[in-house]
Amino acid sequence: MTDQTNNRPRKKGREMVYIAIVIAMCTLFYFGWKFTARNAYESARYTVIKSDGPFEIREYPDLMLVSTDSKAQPVDKDGRFMRLFRYIDGANQQEQKISMTTPVFMDPENKPSDRQMSFVIPQQTAAQGIPAPTGENVRIQQREGGQFAVYRFSGRMNQATTAEAEKKLRNWVEQNGLSQSGGLESAGYDPPWTPGVFRRNEVLIRLSQPIDKKSDAE
Numbered sequence: 017m018t019d020q021t022n023n024r025p026r027k028k029g030r031e032m033v034y035i036a037i038v039i040a041m042c043t044l045f046y047f048g049w050k051f052t053a054r055n056a057y058e059s060a061r062y063t064v065i066k067s068d069g070p071f072e073i074r075e076y077p078d079l080m081l082v083s084t085d086s087k088a089q090p091v092d093k094d095g096r097f098m099r100l101f102r103y104i105d106g107a108n109q110q111e112q113k114i115s116m117t118t119p120v121f122m123d124p125e126n127k128p129s130d131r132q133m134s135f136v137i138p139q140q141t142a143a144q145g146i147p148a149p150t151g152e153n154v155r156i157q158q159r160e161g162g163q164f165a166v167y168r169f170s171g172r173m174n175q176a177t178t179a180e181a182e183k184k185l186r187n188w189v190e191q192n193g194l195s196q197s198g199g200l201e202s203a204g205y206d207p208p209w210t211p212g213v214f215r216r217n218e219v220l221i222r223l224s225q226p227i228d229k230k231s232d233a234e
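The sequence shown maps to residues 17 to 234 in our numbering.
Derived from the structure by calculation, the hints contain no laboratory data. All values derive from a computational prediction rather than experimental measurement. Among these hints, one or two may not hold up.
[To be verified] Below, simulated DSS-like cross-link-like pairs (lysine-lysine); rule was C-alpha separation at most 27 Å, straight line: (1) K183 x K229; (2) K183 x K66; (3) K66 x K184; (4) K113 x K87; (5) K184 x K113; (6) K113 x K229.
[Claimed, not checked] If you anchor each label on the Cβ, the simulated ranges turn out as follows: (7) N192 x G95: 32 to 40 Å; (8) N192 x A56: 15 to 23 Å; (9) Q109 x A179: 21 to 29 Å; (10) E111 x A56: 19 to 27 Å; (11) K183 x D228: 34 to 42 Å; (12) K184 x E152: 22 to 30 Å.
Where a beta carbon is used, it is the ideal one built from N, C-alpha and C, also for glycine.
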C-alpha cells in the first residue's frame with residue numbers, strides 16, 4: 017500500500033510533464049506556421065465586386081510577375097518553383113533580394129507540359145524598378161488587370177481537386193450569365209508544410225465582359 021501511495025505523485029508528475037511537452041510542441045507548431053504562412057507575406061491587391069459563398073467576382077489591377085514554365089531544361093532539374101525562388105533570392109542583375117508574395121499563380125495541372133508559374137513582384141519593387149533575371153527561362157511580364165470569376169477551396173491542389181474546382185466555377189459563371197475569356201488560372205497561397213485544411217487555393221477565369229459595379233451593388 018505504501019509503495020502504491022508513493023508512486024502516485026511520481027505518476028502524476030510524469031503526466032504533467034507529458035502535457036507540458038504537448039502544449040509546448042503545439043505552441044511551437046502554431047507560431048511556426050503563423051509566421052511562415054500566407055499572412056506573413058504581401059498579397060496581390062484586388063477588389064471584391066460580388067461575393068457568393070466560395071465564389072467571387074474580383075477586379076485586379078495590372079500586376080508585374082516573374083514567370084517561368086515547365087519546359088525541359090537540361091541544366092535545371094529543380095523545377096519551376098526553385099527557378100523563381102532563386103530569382104527573388106538574388107539571381108538577378110542587381111543581385112537583389114526580393115520579398116516573397118502571395119499567391120503563386122499557375123496554369124492548371126491538366127495543361128500541356130509548358131505550364132507557367134509566376135510570383136507577384138512586390139509593389140515597392142515594381143515601383144523602384146524590377147531587376148532583370150539572370151536565370152535561364154525566367155522572365156518578367158505583366159498580368160493585365162480586369163475582372164475575374166474566382167472559386168476558393170481548401171485541401172491539396174492537384175489535378176483532381178483543380179478539375180473539380182474548375183467544374184464548379186464554370187457552372188457558377190454560366191448560371192450567372194457571365195461571359196468568360198481565356199483559360200483557367202490557379203492560385204496557391206500557402207507553403208508546402210501548411211496542413212490541407214488550412215490551405216487557401218483558388219481557380220480564376222477572366223471575364224470578357226466585366227459586370228457593372230453600380231448595378232451589382234444595387
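Hints and how they fare:
{"no.": "1", "hint": "K183 x K229", "verdict": "holds, 26 Å"}
{"no.": "2", "hint": "K183 x K66", "verdict": "holds, 19 Å"}
{"no.": "3", "hint": "K66 x K184", "verdict": "holds, 17 Å"}
{"no.": "4", "hint": "K113 x K87", "verdict": "holds, 26 Å"}
{"no.": "5", "hint": "K184 x K113", "verdict": "violated, 39 Å"}
{"no.": "6", "hint": "K113 x K229", "verdict": "violated, 39 Å"}
{"no.": "7", "hint": "N192 x G95: 32 to 40 Å", "verdict": "holds, 37 Å"}
{"no.": "8", "hint": "N192 x A56: 15 to 23 Å", "verdict": "violated, 34 Å"}
{"no.": "9", "hint": "Q109 x A179: 21 to 29 Å", "verdict": "violated, 39 Å"}
{"no.": "10", "hint": "E111 x A56: 19 to 27 Å", "verdict": "holds, 24 Å"}
{"no.": "11", "hint": "K183 x D228: 34 to 42 Å", "verdict": "violated, 27 Å"}
{"no.": "12", "hint": "K184 x E152: 22 to 30 Å", "verdict": "violated, 37 Å"}
Hints 5, 6, 8, 9, 11 and 12, counting from the list given before, are not met by this structure.
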